[in-house]
Amino acid sequence: MNPLPEMGAKCEVLFAVNGETKKVLAHPMERLLDVLRNELGLTGTKEGCGEGECGSCAVLLNGMLVNSCLIPVAQASGANIVTIEGMSAHVLMTPLQEAFHECGGAQCGICTPGMILAAVHLLEKKPEPAIADIREGLAGNLCRCTGYMQIFEAVARAARRRVAT
Amino acid sequence: MRADPTEYRLVSPGNLQAVLSLMAGEAAQWLPIAGGTDVMVSYSAGKLPNRKLINIWNIPELRQIEVFPGSIRIGAACTYTALRTHEIISREFPLLATAASWTGGIANQNRGTLGGNIANASPAADSLPALLVYDAELTLISVRGERRLAYRNFHSAYKQTALAADELIRDISLPRRFSEYVSHARKVGARNAQAISKVCLAALGRIANGTIQDVRLALGSVAPIPLRLNEMERALTGKEIEPSMIDTARKSVIKEIRPIDDIRSTARYRAAVAGNLVAEFLEKLAAQRERA
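In order, the protein sequences belong to chains A and B.
The numbers in the working numbering rise by one with no breaks, and the one at position 116 of the first sequence is 116.
The numbers in the working numbering rise by one with no breaks, and the one at position 185 of the second sequence is 185.
Source of the hints: derived by calculation from the structure; they are not laboratory data.
Predicted, not measured: the structure shown is a model, and the values here were computed from it.
Watch out, some of these pointers could steer you wrong.
Partner residues are not named here, just some residues of chain A that face chain B (Cβ under 7 Å, in silico) [unchecked claim]: (1) Met29; (2) Gly41; (3) Thr43; (4) Gly63; (5) Gly140.
Even glycine gets a Cβ: it sits at the ideal position worked out from N, Cα and C.
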């Protein structure tokens, strides 16, 4: 990447997205969220509030949960990014999907990709979370449908199943 | 109105010297951007006046936490997650670790930085009262050199700071002499995560033979800048804690604060809660004496 692009100039950004190396030409201040959705077609990452409050646009960047609406794409240069599309083979995915389904943890679905990624980020650090850990781990993800309890129960259930297997 | 990325410039010099040279070299101001949790919100809303941004997220010197026998030095671009998970900070500076846990949700804690919280200079910032009571000292750096500044002298008025246009906050240094103090951190807001405080308190105290030896009180969201309650501290030092003294303290907090009405709360509510939080801390300190 050109480290000092001029005003209005695009720069080449190289990063790994869901395990594949990607090269995009973008303005450095374009939001990672927009590049993922519009350039790479990864529309599983949703835009909710666009100001870092709701967690719908969450992705994992070098293993850290982040809100992609708050990241200028130039800052993602060289990073390893995982979106919800990249989670299908993850060991936690089946337990989380089943538990969300059984508990009614997803309704309209806009918050669900962010909820799943926040849950994965939590369970990778704490395989047996207390309910307080789940509440804290998902506190940055807003849901206007479920009232949250179903989601907390789904994450707890997925964790129990994962630990049991 | 959504921002147009073609109207902004973002450069990533990649090392501290190159960042400082650029910041010194041009008359027009560069806005440093680290985790982006404040800057990107203004940008996306089309409200960011600065058109030239300089990336400091990828500067290793700003991401270190160094522990010395008498102090701990926190790089300005250390995230809230880094603060929360650091053993010495959790053990010896619980007010800072707790404030870090209040700030945003996990995703924002993974990006938001302590230096950003200081430079953004919001009077509602959760981590700043903790820095006031721990006697934090800042290292400010530019091509002209380094200077050290007591954090209590950093904010001059609402969103006005001692930082020059070509300067960065390099690190925040805290003396390691408060681990034996009773500490109390409280945030009052609409919800725990992602909610800006209506009032927040960071307090430290030490009590011996029934009297207060040292007390340190700071409040957020009750004045144009994060506020240390100097007069209250002087009035309490050397006193014995008893119910009438706690009641007087509760009522006198209003003399030192300048709360306002805004979208999050009212001046009246903030004044009442600020008094209650100070009283709550004094009760905790008194309980410590009874246990001792």
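Okay, the hints, checked on the actual structure:
no.	hint	in the structure
1	Met29	holds, 4 Å
2	Gly41	violated, 19 Å
3	Thr43	violated, 18 Å
4	Gly63	violated, 10 Å
5	Gly140	holds, 2 Å
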